[in-house]
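> Below are the chains, spelled out letter by letter.
Protein chains: 2
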Amino acid sequence: MIKSPTLTFDARAELLADALDKNSLPDVARALDRLSVAETMEQLERLNSIDRALAFRTLSKGRALEVFERLDALLQADLVAGLQDAQVAEVFAGLSPDDRVALLDELPASVAKRLLLGLSDKDRALTNTVLGYPQGAVGRYMSPQFVTARPWFTAAQTMARVRAQLDDAESIYTIPVVDEGRRLVGVVSLRDLLRAAESDPVASLMKDPLSAPATLDAEEAARYCADAKVLVLPIVDAETRLVGILTVDDALGILEDAESEDAARAGGAEPLRRPYLATPVRSIVRARVVWLLVLALGATLTVQVMGAFEATLAEQVVLSLFIPLLIGTGGNTGNQAATTITRALALGDVRPRDVFKVLARELRVGAWLGILLGGLGFVLASILFTVPLGLVIGLTLLGVCTMAAGVGGLMPLLGKALKVDPAVFSNPFISTFVDATGLIIYFLIASSVLGL
Amino acid sequence: MIKSPTLTFDARAELLADALDKNSLPDVARALDRLSVAETMEQLERLNSIDRALAFRTLSKGRALEVFERLDALLQADLVAGLQDAQVAEVFAGLSPDDRVALLDELPASVAKRLLLGLSDKDRALTNTVLGYPQGAVGRYMSPQFVTARPWFTAAQTMARVRAQLDDAESIYTIPVVDEGRRLVGVVSLRDLLRAAESDPVASLMKDPLSAPATLDAEEAARYCADAKVLVLPIVDAETRLVGILTVDDALGILEDAESEDAARAGGAEPLRRPYLATPVRSIVRARVVWLLVLALGATLTVQVMGAFEATLAEQVVLSLFIPLLIGTGGNTGNQAATTITRALALGDVRPRDVFKVLARELRVGAWLGILLGGLGFVLASILFTVPLGLVIGLTLLGVCTMAAGVGGLMPLLGKALKVDPAVFSNPFISTFVDATGLIIYFLIASSVLGL
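Chains as they are written, first to last, in my numbering: chain A, 1 to 452; chain B, 1 to 452.
Be careful, since some hints might not be right.
To be clear about the criterion: a stretch of chain B counts as covered by chain A if any three or more of its residues have a C-beta under 8 Å from a C-beta of chain A, and this derived list gives those stretches [as the list claims (entries may be wrong)]:
no. : segment
1   : 295–302
2   : 315–322
3   : 352–362
4   : 365–376
Across the chosen pairs, the derived CB separations fall in these ranges [stated by the list, open to error]:
no. : chain 1 : residue 1 : chain 2 : residue 2 : range
5   : A       : F385      : B       : L414      : 32 to 38 Å
6   : A       : F385      : B       : L116      : 56 to 62 Å
7   : B       : R124      : A       : K22       : 56 to 62 Å
If you're looking for bench data, these hints aren't it; they were derived computationally from the structure.
We put the CB at the ideal spot given by N, CA and C, even for glycine.
Bound-form chain A, shown alone (with noise of 0.2 Å):
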């Protein structure tokens, strides 16, 4: 996939691996020397925090700069912290204002301080507008370097500028337009300013603008940005004002650590933030034992429910047979909807408002499936057991999917509304209510079709 694969991915790791076993650092640097910046990224990010100290120093002052710009804002701290002041100095200094604020959210205060003491006046004005707006918030992620246009230049103007801002400017592929007030008017593509005559005014170029306040949710604008296939979106202030530029490429990076967060959560655990094999064992821990012991607690409530009907199953224990089966599918059910939603929800196809339209869908989509399951469930235990037991096994089948597909489907929608993230409020809850509600189901159909 890359230009010139020397040797293959496997190779390249055991060269590497071989190299730091020797604590050889001329050998670390061979092994490092001819990659490209992207081998040399996927080497680093599989090797522990000391190791990637050491085989980054080897390398070249602008081959460390591109490497080190490229990773993960945690995987950037670790190394900070294995860095001479001086190298962190010149990194940090060539880092891009948003980059440089991601970086400074993860080290401590007293480094950061430090850090944006020893930059120029102009970047540490450009880091501290960034720095201004709330974690989270796209304002953070967006780049206050850019070239604008006003409506009245010509074509000719407007590239005179570009070309005199080429160095700086983040991208100069689609420039926004702006008023005397720095409001945003407009927005104008490279493409159309190559195509127009010299002497055209830009305000005969330039588009409606597509724009995000820089106080909106980081993701929210990214998938804006990503749905509106635009390679640059403007991020205004309250008054519309132009305060910086999200590329499409930030966008990625956004949205990329959303999905990664969303798929963890969904797991019922925290995202990593590092790479996997670059993150500790006792992270890896803590990210998930605090929701075991929610998800666990919450199974408690399933022993009480046990509890309740213990008599009922001394009389039949032919009755916890069933028990994993049917939990687990009124889980899986739960899990589906819930899934699918939280999903709908992050595309932005689904939205709090719409909680009816998909209770009524999902309440559906639940009875087909136990229907379905629920006739092979009478036949199957029909056969094997008892008629009565199939009844039983059908009956509460149907019940445990329909009941199951409509709190999976309200869960998220739930969460959203009440601000918290829909993967962290469905999970939990979807394993303990659904599983304790399916066992009550169970015994009450139980005790009226046995007559216990």
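Got chain A; can you put chain B on it based on the hints?
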């Protein structure tokens, strides 16, 4: 978020819904008239296929095309069924070759054939180059319309070429450089061209090109494009001859679909491929029922295990009280591990070759989780019930967590190695194997500790 939101999203939605209820096309047209492309899409994606076709017909020619080309291929196919041939031919011709191919894949062969024949020779040729690659390969998503430069061109010559192809080229911001044999030898950015002196040769401006073979899996290529933060990824054939370009927004679309698929499968369902509210209930049922059946049939394994220990249960009914909690915890631990590794595989942080690294880590993580939860379980169960029972619960949690984390971590890797979607593979395996094994661990520990 959009420049002129004269109405809130919900107000727009209601206005449109009312107009559709009244079946009054003028009102529908008025409801859509004031909306931006993005807003129009949001609305269309919430309607059923009939209403959508109805609303779409009221759009102006230009707007109709803008909207159509942004819709998911499946929704486009739905629309095609509801439009007159003339209109269809028009929007079809207006699509870019890669979008055209995506739509063709969703249409009945007869319709697809007719539409292809309706194209101009040039458009048909372009479409066929893309059609020539296997489904799922990046060649299917690339654009065959691009500007190229030669190493010996001057910057001025290249700019002239760019200006000449402003209307056809999919992207002009990164220009692939090819030799006489059309082999990719470099890329030059429009930014560097603008910076250069008119007489500078491209050879002195171009950088080593990243590229992907046209037969590479689309998701891998898209991920590579995103990680490398390039606006354009050149796509080459087996002889590294340039055949197309993948633009970052197409990469984004590919990744978004891949994420939706992973999310759905992690939740034990097939992706819907249409926005939730636009998906018929029967399609949702179809997307879920197969999975539920597989999982339920797998779960019958637990019924057998329980059956094998029915005597033990009859003797100590109290044991059954903890079954939902214990297998629930096992399932959660397994899912945590599986989700983490599935995501790490998707991001390229982990490879099948890392299987032993992963297993070692997950077993350690699982053991830690087991010690923490088991300790708690021991204390609680000893207080609420008896110390021996507490011992059983504690030891079982330790065993189950370790086993579940190990299995959960291995399954995605095994799936990947077997070329099955890791999520598809992990999900049923964990919720059957882990449940059944967990029960066996439980009953064995119980019978030895309680001496049954």
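> Does each hint hold? Answer for all of them.
Cross-check of the supplied hints:
1. Chain A is given as covering the segment 295–302 of chain B, and this holds because 5 residues of the stretch bring a CB closer than 8 Å to a CB of that chain, at least three being needed.
2. Restraint check on the segment 315–322 of chain B versus chain A: 5 residues with Cβ-Cβ distances below 8 Å, three needed, restraint holds.
3. Given a C-beta distance limit of less than 8 Å, the hint that chain A covers the segment 352–362 of chain B holds, as 5 residues qualify and 3 suffice.
4. Counting residues of the segment 365–376 of chain B whose C-beta lies closer than 8 Å to any C-beta of chain A gives 6; at least three are required, and the coverage claim holds.
5. Evaluation of the 32 to 38 Å hint for F385 of chain A and L414 of chain B yields a pass: the beta carbon distance comes to about 35 Å.
6. The beta-carbon spacing between F385 of chain A and L116 of chain B, approximately 58 Å, falls within the hinted interval of 56 to 62 Å.
7. Our hint of 56 to 62 Å for R124 of chain B and K22 of chain A holds, since their Cβ atoms are close to 60 Å apart.
Going down the numbered hints, you'll see the structure goes against none, and every one checks out.
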